[in-house]
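With chain A fixed as given, assemble chain B onto it according to the hints.
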Amino acid sequence: KAGVTQTPRYLIKTRGQQVTLSCSPISGHRSVSWYQQTPGQGLQFLFEYFSETQRNKGNFPGRFSGRQFSNSRSEMNVSTLELGDSALYLCASSSDPGTSGGSYFGPGTRLLVL
Amino acid sequence: QQQVKQSPQSLIVQKGGISIINCAYENTAFDYFPWYQQFPGKGPALLIAIRPDVSEKKEGRFTISFNKSAKQFSLHIMDSQPGDSATYFCAASLRSGGSYIPTFGRGTSLIVHP
Chain A
1 KAGVTQTPRY LIKTRGQQVT LSCSPISGHR SVSWYQQTPG QGLQFLFEYF SETQRNKGNF
61 PGRFSGRQFS NSRSEMNVST LELGDSALYL CASSSDPGTS GGSYFGPGTR LLVL
Chain B
1001 QQQVKQSPQS LIVQKGGISI INCAYENTAF DYFPWYQQFP GKGPALLIAI RPDVSEKKEG
1061 RFTISFNKSA KQFSLHIMDS QPGDSATYFC AASLRSGGSY IPTFGRGTSL IVHP
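Protein sequence lines, in the order shown, are assigned to chains A and B. In terms of this note's numbering, the first sequence is numbered consecutively and its last residue is 114. In terms of this note's numbering, the second sequence is numbered consecutively and its last residue is 1114.
This is chain B alone, in the form it adopts within the complex:
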């Protein structure tokens, strides 16, 4: 059972364009939604995260939009750069035993052409 569905699987964008990655979740108990960026040969790195009481969060060129009623959230990368080429994972986290335990989407491979 895939609890977090991520799309698209791959994305090609021209430099300067907007990259949009979408995720949908099923369990309404999730209450923390981070996005990770992973380069080849590296572990994922936390990019930006949002809690369900906020509809949008922006950090530099990266914005998360969150729609609680639709159980969907998305990552927007403005002015995409070749250095943004990486795999992006969304996650939905559940609080358990004092920690937040993430369930990840399958990832989106982003290629930004110069």
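Here chain A stands alone, though its shape is the one from the complex:
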């Protein structure tokens, strides 16, 4: 089975712009979660989608949003980018989030905001 794929892998934006990141989960996985990883704050949960519905949301401002499509692919969007949004954005998919065990992470998208 192919793993979780994320595109693009690297991205450079300037302050004030917006960005959209894409995540394709493992085939058959219906849950997709997004995380932000920075040296200062570590790994933080952004939000989780299951069957096209946002089920959980972390403590991030409304500039961070996401969606999930009927094929389970997910996108996250960050509007009005700030320097502090520079981070590795990770996507993880799971077949059964209720058992928690099987979250598989993608390689991430590294975003640099100038």
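If you are wondering where the hints come from, they were derived from the structure by calculation, not from laboratory data. Hints are supplied without guarantee of correctness; some may be wrong.
What the hints assert, rightly or not - The list that follows gives simulated cross-link-like pairs (lysine-lysine, DSS-like), each with its CA atoms no further than 27 Å apart:
#, chain 1, residue 1, chain 2, residue 2
1, B, 1068, B, 1058
2, B, 1071, A, 57
3, B, 1005, A, 57
4, B, 1071, B, 1058
5, B, 1015, B, 1057
6, A, 57, B, 1015
7, B, 1005, B, 1071
8, B, 1058, B, 1015
9, B, 1057, B, 1071
10, B, 1005, B, 1042
11, B, 1042, A, 13
12, B, 1068, B, 1042
What follows is chain B alone, placed relative to chain A:
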């Protein structure tokens, strides 16, 4: 507020030695405790996990010890190998909306010298 405290921040071990990483949590509602391994340029990978009704879980060279009363858990890597050199994250997960949402520790950078 750091809900999961991980130590040490970095660890250097000789090949064949035992690597020990500790985590402590505050919220007694956490009920799933996974450990992740992350290599440079890769997303985290689930290594081993434990539920609070078990005091120890072993998978190969990796063992989790869990002390519910002390709200602490630790990862032991026996016979550490250079290939184990990576960053390790503990997490404490809370059940929410049908999923488990993790709060991560800050990570431990492990270097195993040959």
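*Do the alpha carbons of residue 1071 of chain B and residue 57 of chain A lie within 27 Å of each other, as the hint requires?*
Given that 27 Å is the threshold and the Cα spacing comes to 25 Å, the pair holds.
Are the Cα atoms of residue 1005 of chain B and residue 57 of chain A separated by 27 Å or less? The given pair, whose Cα atoms are some 22 Å apart, holds under the 27 Å limit.
Check whether the Cα positions of residue 1068 of chain B and residue 1058 of chain B lie no farther apart than 27 Å.
holds (17 Å)
Quiz item: Is residue 1058 of chain B close enough to residue 1015 of chain B, meaning Cα to Cα at most 27 Å?
Solution: Roughly 20 Å between the alpha carbons, so the hint for residue 1058 of chain B and residue 1015 of chain B holds.
* Asked: Within 27 Å, alpha carbon to alpha carbon, are residue 1042 of chain B and residue 13 of chain A?
  -> Holds, because 22 Å separates the two Cα atoms, which is no more than 27 Å.
Holds or violated: residue 1068 of chain B with residue 1042 of chain B, Cα cutoff 27 Å? Violated - the C-alpha atoms of residue 1042 of chain B and residue 1068 of chain B are around 32 Å apart, more than 27 Å.
Holds or violated: residue 1057 of chain B to residue 1071 of chain B, with C-alpha atoms at most 27 Å apart
holds (16 Å)
Measure nothing beyond the straight line between the CA atoms of residue 1015 of chain B and residue 1057 of chain B; if it is 27 Å or shorter, mark the hint as holding. holds (23 Å)
Are the Cα atoms of residue 1005 of chain B and residue 1071 of chain B separated by 27 Å or less? holds (11 Å)
inquiry  = Holds or violated: residue 1005 of chain B and residue 1042 of chain B, Cα atoms, limit 27 Å.
reply    = holds (23 Å)
- Message: What's the verdict on residue 57 of chain A and residue 1015 of chain B, does the C-alpha distance respect the 27 Å limit or exceed it?
- Response: violated (41 Å)
Residue 1071 of chain B paired with residue 1058 of chain B [C-alpha distance capped at 27 Å]
Status holds; Cα separation ~19 Å.
The structure fails to meet hints 6 and 12 from the earlier list, while all remaining hints are met.
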